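Turn these sequences into a full structure, and let the hints steer you where they fit.
As a plain string of letters, each chain reads:
Number of protein chains: 4
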Amino acid sequence: MIPHRAIHAVRGSVRCWRHRAVFKVSREASAVGACRRFSVRVRASGMEEILARVVVPLPSYETRDKSPPPPESNSLEFMHFYRSLDKVEKAEFLTKLSRDHGVDHKGVSELAVKLLDTQQRDLATILQVEDRLRYSLTPRYKQLLCHISRVEGGVKFLVDLRADVLELIASKVSESPQIRDLSGTLKSLLSEWFSVGLLRLERITWQSPCEILQKISQYEAVHPVRNWTDLKRRVGPYRRCYAFTHAAMPGEPLVVLHVALTEEISNNIQSIVREFATLDSEEDVNKINSAIFYSISSTQAGLQGVELGNYLIKKVVRELQSEFPHMAQFSSLSPIPGFSVWLQGLLNQYRKDNRGTDLLSEHEWKEVEQATDSSPGSQATEALRKLISSGEWMRSERLSGVLEPVLMRLCAWYLYGEKRRGYALNPVANFHLQNGATMWRLNWRADTSPRGVANSCGIMVNYRYFLNETSKNSALYLQNKVVTASEQVLGLVSQFQKNSKL
Amino acid sequence: MIPHRAIHAVRGSVRCWRHRAVFKVSREASAVGACRRFSVRVRASGMEEILARVVVPLPSYETRDKSPPPPESNSLEFMHFYRSLDKVEKAEFLTKLSRDHGVDHKGVSELAVKLLDTQQRDLATILQVEDRLRYSLTPRYKQLLCHISRVEGGVKFLVDLRADVLELIASKVSESPQIRDLSGTLKSLLSEWFSVGLLRLERITWQSPCEILQKISQYEAVHPVRNWTDLKRRVGPYRRCYAFTHAAMPGEPLVVLHVALTEEISNNIQSIVREFATLDSEEDVNKINSAIFYSISSTQAGLQGVELGNYLIKKVVRELQSEFPHMAQFSSLSPIPGFSVWLQGLLNQYRKDNRGTDLLSEHEWKEVEQATDSSPGSQATEALRKLISSGEWMRSERLSGVLEPVLMRLCAWYLYGEKRRGYALNPVANFHLQNGATMWRLNWRADTSPRGVANSCGIMVNYRYFLNETSKNSALYLQNKVVTASEQVLGLVSQFQKNSKL
Amino acid sequence: MIPHRAIHAVRGSVRCWRHRAVFKVSREASAVGACRRFSVRVRASGMEEILARVVVPLPSYETRDKSPPPPESNSLEFMHFYRSLDKVEKAEFLTKLSRDHGVDHKGVSELAVKLLDTQQRDLATILQVEDRLRYSLTPRYKQLLCHISRVEGGVKFLVDLRADVLELIASKVSESPQIRDLSGTLKSLLSEWFSVGLLRLERITWQSPCEILQKISQYEAVHPVRNWTDLKRRVGPYRRCYAFTHAAMPGEPLVVLHVALTEEISNNIQSIVREFATLDSEEDVNKINSAIFYSISSTQAGLQGVELGNYLIKKVVRELQSEFPHMAQFSSLSPIPGFSVWLQGLLNQYRKDNRGTDLLSEHEWKEVEQATDSSPGSQATEALRKLISSGEWMRSERLSGVLEPVLMRLCAWYLYGEKRRGYALNPVANFHLQNGATMWRLNWRADTSPRGVANSCGIMVNYRYFLNETSKNSALYLQNKVVTASEQVLGLVSQFQKNSKL
Amino acid sequence: MIPHRAIHAVRGSVRCWRHRAVFKVSREASAVGACRRFSVRVRASGMEEILARVVVPLPSYETRDKSPPPPESNSLEFMHFYRSLDKVEKAEFLTKLSRDHGVDHKGVSELAVKLLDTQQRDLATILQVEDRLRYSLTPRYKQLLCHISRVEGGVKFLVDLRADVLELIASKVSESPQIRDLSGTLKSLLSEWFSVGLLRLERITWQSPCEILQKISQYEAVHPVRNWTDLKRRVGPYRRCYAFTHAAMPGEPLVVLHVALTEEISNNIQSIVREFATLDSEEDVNKINSAIFYSISSTQAGLQGVELGNYLIKKVVRELQSEFPHMAQFSSLSPIPGFSVWLQGLLNQYRKDNRGTDLLSEHEWKEVEQATDSSPGSQATEALRKLISSGEWMRSERLSGVLEPVLMRLCAWYLYGEKRRGYALNPVANFHLQNGATMWRLNWRADTSPRGVANSCGIMVNYRYFLNETSKNSALYLQNKVVTASEQVLGLVSQFQKNSKL
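Chains as they are written, first to last, in my numbering: chain A, 6 to 507; chain V, 6 to 507; chain Y, 6 to 507; chain H, 6 to 507.
No lab work stands behind these hints, which were simulated from the structure alone. For clarity, every value in this text was computed on a predicted model and none was experimentally measured. Keep in mind that a hint or two might mislead.
Since the list gives no way to pick out one identical chain from another, each pair is judged satisfied if it fits inside one copy or across any two copies.
Stated by the list, open to error - Simulated pairs of lysine to aspartate or glutamate, EDC-like, Cα-Cα distance not exceeding 20 Å: (1) K391 / E402; (2) K71 / E197; (3) K391 / E372; (4) K192 / E67; (5) K237 / E257; (6) K71 / E312.
Structure, rendered in structure tokens:
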């Protein structure tokens, strides 16, 4: 239960906003108690009462432009009430909202009948019935959501509300099928409001407000920021940090892209996030040929499905081209989350299936057996799994040498060959391939941090943006599920296929 | 025909962008000629070709989230092409766009059938078919419009496009019923993008950019700005000028509200727009009790139906309350466009119907007859009509005295009693009544400018905003068509009714 | 007399701030009268009283760092009092201030004696006496001026005060020799405060605040701005307008430079200030090779002698070089104020001296005689003078052809040869030569406006800035009075010398 | 020795900027070596050469307005050269500069003679000789300093240069008496440039640029900032942080004032800098009656003697009054640096003099003896000294109770009675008394941090600003050395006097 923040002492008695009830009590503490007991009884009825009041009925089609906007207090009351709920209550509330205040199914089906009746009539009539049908398919709560977007803080409220809805769907707590409609309605509204024309590209520097930099630091999920010097580095010379912000959510970066400006396409992340030599130096424009996108983070769970990252990369490319007209190489240096987990699952499976030998060449197995002091077969397979799980092999130069070709080709396959509904299983790969990037280069010992070794055996990958080809690649991938890859990647994949007898 | 700006000489030959054709010609002038002749032949096919290319088909319902955005060049080509058309061509183009790239009626009716088939099925199935139906009702061009909104200048382009569409509808040039769908789709998109949460309230002062002030000056339709001193006055002491702007249309005021800060509710516009005594004085906060909205102008024809003025007034009231906590009186001082025209029509009608005597009392008629040297009956009615038409009565104190009660009660009736579909016929009245204002006071000799005399016999009206009552009034008006009015106004109306035997 | 703005009615009586007296009077008008009569009596004593109060004595040398700043009210009282004075009173006041509150001459001479006594002593002692002497040479009012600079509006007040002092000196109204000390003290303080490191270069565009643009328009003395379209042109494409502003005088451009961006060095001002073809075009960077400074105006009379224009030109050159790295030509297109007046004086003198024939060749005189129907000798000289005075010759192609070589070589001489204390007599020439420019080209029919014809027979001159040579040229001119000029100018000068037998 | 940053490899050979010499060497390292050896030989001559070049002679009095400014490269060369020097070299360089390029003593004495000769002459002549004398007292280097202030970064360079000069004077390394002249000249120039009218008051918030906040954190000398949460607290609700910045040193806070907004005048610093409860709360204006200045730090050593703190406090008071019109209490909560050191010195002295008994009452001594297990007399005195030195007494409630009255009255005396040249010995006291504050309240256990206990036995003091009295107090203190104090302070002082038999 959340603290009953909404309880205010008013002249001797205590009013709990959440229950719209006033308790005569001596101390606030017991007010909360009384309030909680009361809660059980009134919750359901309270929600319904408030919903009935603030979710005004959809005006008739004829008067749809003649209905006055509801008072702003409706929106504020809804927001305030919702915020006062705990998690369970929120789930209940959202379920009620989506179930009882959605589309009028009967109205829709009547109009469907009518539409079929008018098929032989003139076009103008058909168009009008279609428009009525379209209107009748509007959930009743949509108007309220629009009105909420207009009050201060309303857009942020709706973004967070959608995050709750998504969590509710993912958790399968709610069995209401209408909850998806609510999510869809919110998504379509947010898509309009967060249309790229309304977003502002901001470059974040050490001159930016502390508040924004603190958030940039908190939101950085890919390569966590350790301290303020670290952060200063990421907005300092040879680095760029860009974010989209939105007029309705001031001071809130929506999606953040970190870029390193380098001579060559980077093959190692530590050289980017751990190197401080250049902290106070001035940029030498002659040393800048490449832009490496080494981290991109979306910050708002509620904007899932609203494409921002793609547009941010495109805008940043244009920005960089105007700053460095001769810049020719654009590439990500991306993590491969899930590779280790996938690999261990694979080894497990192979061990069970007794097919372990398929993954490595005979010579490779021998090296593994020697190094791990294990016998051939499933013991060696298990030994290999453990090696990978512990990350110990990194410390042995010999083991590392043995495993490099193995892990590289397995990783290439994981990225290139493993699919979900035809698209790349790995989400980062999927993101960049959708954007039209090429799977360009796998890099060995590219992230030697414990996290990097644990996630992807230290391997990272460059998704490279050949600007002339991104639209074509994007369409090929999205429509035909074709992954564009470099010779290095394709070579590794074919090695894997040869060895693995897949 | 617009000048063929798009023609550029390229190495001896001439290319007309509009036709995507190259003409070998000696001089540019004849290129334009050749181009125009060519135009007749290629226009239709050119439009269809370009529409077929840039208006991509709606993805299937299943892949709707998997389709890559079309290249930005599509949007740019569409915009460039459209701008190169002349007016007649634009009409043709918009007709084609709305007719050939709208809703797939067959698909819709199939889904309507399907929906009816599923009525007995489980809710989840029904919801899904509804969602498909909703999707199928999306016009094919909608996605293009969304993409246009994302390129620089795109939103402004769409606002102007809608203005063209509205003009097309009003002019009845196009007989295509689908053109209304296009207008509706644009309106609904613009409504989202110009949602109040995304608008920025700006106070315009003499410190604001010249570009904005020049626009403020140009857009002022109610009481035209004569020169820059006049403009300086309207943003100087005892005045406020506010505008909504939008991030996607920087430097463009969308709706502008001029306010005078006065001791009493003003009954005369010249004292506001012609008085320069206070130009350099400092405001004395003790003399500020009232805020008089003396001009509100929407600047974008394409945003018709997208409510902005209402929200601007509300925001400004809040702004003023925070600047002047003790301010208690909020009122417009509004023109009454159309009153003179209406009155002359009425007199004409009465003359024809021989009912002229109904409008004035016997005594009043006598005064008019004497003053105009006319005989009773239709001659006097015609004399009266001429008097009003010429505005000459203003110069005679006696006539002015005679006509004051007559014109005041006629005007009260015009504002209060004349309706169109149940709402006030006068558009300014309709605007303020929708906002919840009260029709508070008619003011004699309130606008003695030639324009004021010509439009409304010099009468102006205060619509007063009693902040506690605006929501109630607004709902009463919009839903029940009830006009809230003061005793003064109601008194004048009842005098009119008594005299006019209506 | 200024209006007695300072008179305020306070509860029946009237107080005149200026006289610090209260008058019991029935109406304000007679208060002013009473006040004026009173004025005569109290003026002198009032000034002395206020000066005695606000100009605090110089602390002793020992306690100079231990004296608290006087209360801010001292500065405000001084400012308020001064502003309430009329012109005559101001002269009297400034005279008193400089005479009675300047340097303590006795103290100075005592220290001079002491200094001479210490010449044989150790260096430390000498240095200390020198420092005391330096301190004793500080006028008593200097500290007050410093304190005034610290209150809001104080710096602007002092700039205006200096303008008054300069006018007083120029008008020779005051015979007080100390008034020059006051001017010098002010100048040295203003020089520190308006040191270039503290100035801000602002580019003025159509986006700049209206207030600034209005001032730019008002201050433009060289080629007056006719209206706002004209002004928009001067800050539009192919134009730049820069100003220095100062933190202590916000919104006040101190010196303004107008630049035209052209292909070639302009030889005509109308093509710059009258041409509107490019008003809405975009700049084509390939057409921009030259920067033409066509107007520079200082706006603050009180900053005379505080070098700003020179620095502004240098900063602007650097700004333009960074915007247009390939820009190679920097030149003024300057008016020649005073040429016509000088020429008419010359002709008058020659006529009197009967030496008119010296100025033109025989052939030229014949042409003039024919054209003006005059007889040789002084009649022709007078006819020529009248021609020039009326500007009529401009309308006759023939006369124009005859006079071109004559006026061009006379003008070259006027600019190059006429001196005042060894420096160029023409102030514009003197300004650019001090900056290190070369007298580069005289342009015929360069300013065909009535003003241009009247001032300089339509001739204008380019002072060209060869960036590598400006320091050298500046030093040569300032130290050795050498004028650097192009062959064209030198050629014209030598023609003049040949013809004129000077 | 500083790294020879100025050494650049140029085509095989190496040039050391510092020596303006080129070395043919194989590796840069040996270049530095060669350079250093070279250094010894050329240093002196190098300095002299550069000074001779960049410090141009003072123009003659007659041509003082006709001398062109030296090229900017002079200033840059001087700055670059100076920065390349190590500390010893800087001392030498500054000595040379002040000694060889200062005032022309011979010229001064000649003018002094001339001045005495003119004493009988007319005033205008006297004034002119005075002006010449004033001009001759200008050190030759002054003009260079002015020019340096005009290049980018120049003002900051001079501020740092003065810091070096002050350090040189303090360290007594240089025996040149002229070095004080250099410091004085710099101070007088800096005083003009940092005149309050040119400073900008900035409120620092969590929205301010990170760069500024980081500096605020670094500069906080009074109560060190531990981390970024701590910093956020100091700019969050119920706190204000203000700084003066200057246009010529952007992003550099010059003097920083931290303010806490409280109900009552705070008596404890931990409640201000350690309390985080209010971090996210909103300010309740009803709880804000007092402004507590709990830290003021000057950041630029080179601005010593240029009064900024005093003006900052005054401006902030005005700012706060406009934000909180009813705020009535303004006070510092100040540390008492030096009290412990002074006290231990005192105890030492008393022990030696055997007068220890004078400081405490008999009863007090007994308590001390018991608590420290020491015998009366010098042993007890020493025990007391140790107690204070270790701060252990804080942990014993009994000892703490015994020592409170003793330490409070000793501290009151230290602040009120201990003087240096008649002014308060304690620098913080001196600062606030100069500003016109009253020594208002000593607070026991006001700073219980180790630092607070070590410095001042945990005692802090409020200097209170009664706004009506500050000018009077300031003048009394500065001119008559009168300290204004409250009854509490005076009471403690008289207790001290009674006990101490002073």
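The hints, checked one at a time:
1. K391 / E402: Classified as within; 17 Å inside a copy, 60 Å across copies.
2. K71 / E197: between (23 Å within a copy, 18 Å between copies)
3. K391 / E372: within (15 Å within a copy, 70 Å between copies)
4. K192 / E67: between (27 Å within a copy, 17 Å between copies)
5. K237 / E257: both (19 Å within a copy, 18 Å between copies)
6. K71 / E312: between (34 Å within a copy, 11 Å between copies)
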